[in-house]
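So the sequence shown is numbered by the working numbering: it starts at 49 and just counts up by one.
Bear in mind the hints are in silico, worked out from the structure with no lab data behind them.
In this text, a Cβ means the ideal position worked out from N, Cα and C, and glycines have one as well.
There may be inaccurate statements among the hints.
[Said to hold, decoys possible] Pairwise CB distance ranges, derived in the manner of DEER restraints:
id, residue 1, residue 2, range
1, P513, W362, 54 to 60 Å
2, W362, A329, 39 to 45 Å
3, E95, D266, 51 to 57 Å
4, K111, V495, 55 to 61 Å
5, F324, R515, 20 to 26 Å
6, T258, A209, 32 to 38 Å
[What the hints assert, rightly or not] Taking lysine to any residue pairs in the SDA-like style, the calculated list, with each CA pair at most 25 Å apart, reads:
id, residue 1, residue 2
7, K50, K230
8, K516, I305
9, K111, T232
10, K138, N196
11, K138, R515
12, K138, V210
13, K195, G218
14, K177, A287
15, K195, Q521
16, K111, D249
17, K516, F324
18, K230, G218
19, K293, R515
20, K562, L661
21, K171, P155
22, K153, E116
23, K171, E116
24, K562, P539
25, K562, A600
26, K230, I274
27, K138, Y175
28, K516, K50
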Amino acid sequence: MKFALIGNPNVGKSLIFNQLTGIGVEISNFPGTTIDMLSGNVCYQRERLELIDFPGIYSLEGKTEEEEQVRSYLRTNNIDALIVVLDATKLERNLYLLIQASEYKIPLIVVVNIADEAEKQGKIIDYEKLSSILGCRVIPTVALEGKNIDLIIPAAMQDAAVIDLHVPYGKHIEAGVRSLVKLTGCSRMDAFLALQGIGEDKELMEAAGTIASEIEEDHQMSPHQIIATNRHNEAARIASEVTEKRGDGSKRPSFDIDSLLTRVIPGVPILIAILFVTLLAVFIIGSFLEELIVEFFDTWIIAPMYTLGLSPFWEKMVFSLLIAIEAGLGIAFPFVFTFYILVSILEDSGYMTRGAFLADRAMHRIGMHGQALIPLILGFGCNVPAIMSIRQLSKRERVIASFLITMVPCSARTVIIAGIVAVFVGITAAFSIYLLVFLLIILTGFVLTRFTPGEQYGMILEMAPLRKPRADQTVRRAWLHMKEFLFIAMPLLLVSSVFLGMLDFFGILAEFQKIFAPFMEQVLGLPDYASTSLIFGIFRKEMAFETLAVLAGTADLGAVMAASQLYIFAVVSVLFVPCVSTIAVLYREMGLKIAAMVSFYTLCLGMVCGAILNFVFNIL
Numbered sequence: 049m050k051f052a053l054i055g056n057p058n059v060g061k062s063l064i065f066n067q068l069t070g071i072g073v074e075i076s077n078f079p080g081t082t083i084d085m086l087s088g089n090v091c092y093q094r095e096r097l098e099l100i101d102f103p104g105i106y107s108l109e110g111k112t113e114e115e116e117q118v119r120s121y122l123r124t125n126n127i128d129a130l131i132v133v134l135d136a137t138k139l140e141r142n143l144y145l146l147i148q149a150s151e152y153k154i155p156l157i158v159v160v161n162i163a164d165e166a167e168k169q170g171k172i173i174d175y176e177k178l179s180s181i182l183g184c185r186v187i188p189t190v191a192l193e194g195k196n197i198d199l200i201i202p203a204a205m206q207d208a209a210v211i212d213l214h215v216p217y218g219k220h221i222e223a224g225v226r227s228l229v230k231l232t233g234c235s236r237m238d239a240f241l242a243l244q245g246i247g248e249d250k251e252l253m254e255a256a257g258t259i260a261s262e263i264e265e266d267h268q269m270s271p272h273q274i275i276a277t278n279r280h281n282e283a284a285r286i287a288s289e290v291t292e293k294r295g296d297g298s299k300r301p302s303f304d305i306d307s308l309l310t311r312v313i314p315g316v317p318i319l320i321a322i323l324f325v326t327l328l329a330v331f332i333i334g335s336f337l338e339e340l341i342v343e344f345f346d347t348w349i350i351a352p353m354y355t356l357g358l359s360p361f362w363e364k365m366v367f368s369l370l371i372a373i374e375a376g377l378g379i380a381f382p383f384v385f386t387f388y389i390l391v392s393i394l395e396d397s398g399y400m401t402r403g404a405f406l407a408d409r410a411m412h413r414i415g416m417h418g419q420a421l422i423p424l425i426l427g428f429g430c431n432v433p434a435i436m437s438i439r440q441l442s443k444r445e446r447v448i449a450s451f452l453i454t455m456v457p458c459s460a461r462t463v464i465i466a467g468i469v470a471v472f473v474g475i476t477a478a479f480s481i482y483l484l485v486f487l488l489i490i491l492t493g494f495v496l497t498r499f500t501p502g503e504q505y506g507m508i509l510e511m512a513p514l515r516k517p518r519a520d521q522t523v524r525r526a527w528l529h530m531k532e533f534l535f536i537a538m539p540l541l542l543v544s545s546v547f548l549g550m551l552d553f554f555g556i557l558a559e560f561q562k563i564f565a566p567f568m569e570q571v572l573g574l575p576d577y578a579s580t581s582l583i584f585g586i587f588r589k590e591m592a593f594e595t596l597a598v599l600a601g602t603a604d605l606g607a608v609m610a611a612s613q614l615y616i617f618a619v620v621s622v623l624f625v626p627c628v629s630t631i632a633v634l635y636r637e638m639g640l641k642i643a644a645m646v647s648f649y650t651l652c653l654g655m656v657c658g659a660i661l662n663f664v665f666n667i668l
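The whole structure should be built from the sequences, with the hints applied where relevant.
And the structure:
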């Protein structure tokens, strides 16, 4: 059997999906995190079920990529039951999507999530009455606490029903639909879509265009406006019938924290302070953990290895393997895990959307609106989901965002900045790299906004409610990110480290590095083996650092490289060509031209900045 979750953004749909499937879906309090349809398996009573998580949408009749994607899937794929997830605090608006979904005549059940929040706001929903009006099973849930989640799959299997709400669209719309069905043999749903200008059948669209013109002339409203208005009216009627408001719940508290977080003063200083403290905490906590782990490896694992009496070849292989494990677990792991813990807290609290609201005016100056701040912040974790989340932007904004996001220091680049500069040069120097990168991002945005064709649009952004983060949810989300590092990045690092050790033992690596030695040493002021590290960094950014440790023969890079060299290497690595995964996603989302332009631009930017810094350090 195949079930699908559908609902507005921020209704807890992905959290429910994660709890039902257990496959570890990204869960966030802001739009753009479930752009792609996600699929997982559920085992219930020894039966294997497929569960699909649709991207969050507000309508099934819009023209965004997400809406077209979901609409096409509903029309062309056999789904046994829809699980429509509604937000209890915004029931009227959410019912609009339910009404649209019901017209596809797919059996469904309704999950009303965030029921606890609605009660706090003084909204008492009669779920039995709602079930009676809709004609299907209604389940109130609190996904954050796992309340009633276990009822969803049994209800979808046994109680899903096709519902008919009989929305009063008016005689002209109904007559138009009947005419199209009779003339072309299409379904009622296709006729509704065609009247609103949606469809691919040429004959149907021509007939619908003629009827739509007549309706618009009679009503001074397009069929789309008439249909949407009647659906909204029906949603409002149902919501008012099943919702009772308590007087005490409607009162605003005397102190509203949003009044502080969404004003320029003190909102912007708070935003800057939060970002600063987050990075500072990553540096301090990560450095402390790194020192403990590296000291343990050097003393108890690597040093005893030399007493085993291995042959030179196997000693080199084992040493390369141990250095890779030390670099991955001792250096990368502390910084990445700390970063994701802190970012998860910000996401779970709902603060991200406040930051986007505050940044709107400033973001317009670099060619985007405030909502583009969300992909940029996502980029601090990983550029791949950040690039995927720009689909909600206009074409012009997607082009600009493609360049800017790939310059954002992701968690892997944070490993380089923190593990090299913060540890061996100083925290102030590490922050200066972030400042340099942010200045380059702003300058790049200024240039792109003047030369990139297309219109610039305003922002409509839904504020996620402020919530107290749950420790278990925060740790779980951070661990999901770390699983990717441990099971994808670490094996790649181990294999490549042994491969590098083999090439080094037979002298092949030295010959390769001789080719780039003049440029690395004279232009960038780096040792010749840094070229190999930069190239391996294209596979995964943290591998640039880890490979450098392997080739240097020690994780104590301050003992083999000068502070200026470490600083230059970090800057070049951070600005250098994006990792392969980012390039692949750029190619898929934006095409070969943009992917190639971004790669070439970042390559040149990294090398030019490295050369300038080397020149400055030599003068000083």
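Output the numbers, in ascending order, of every earlier hint that fails for this structure. 4, 7, 13, 21, 23, 24 and 28
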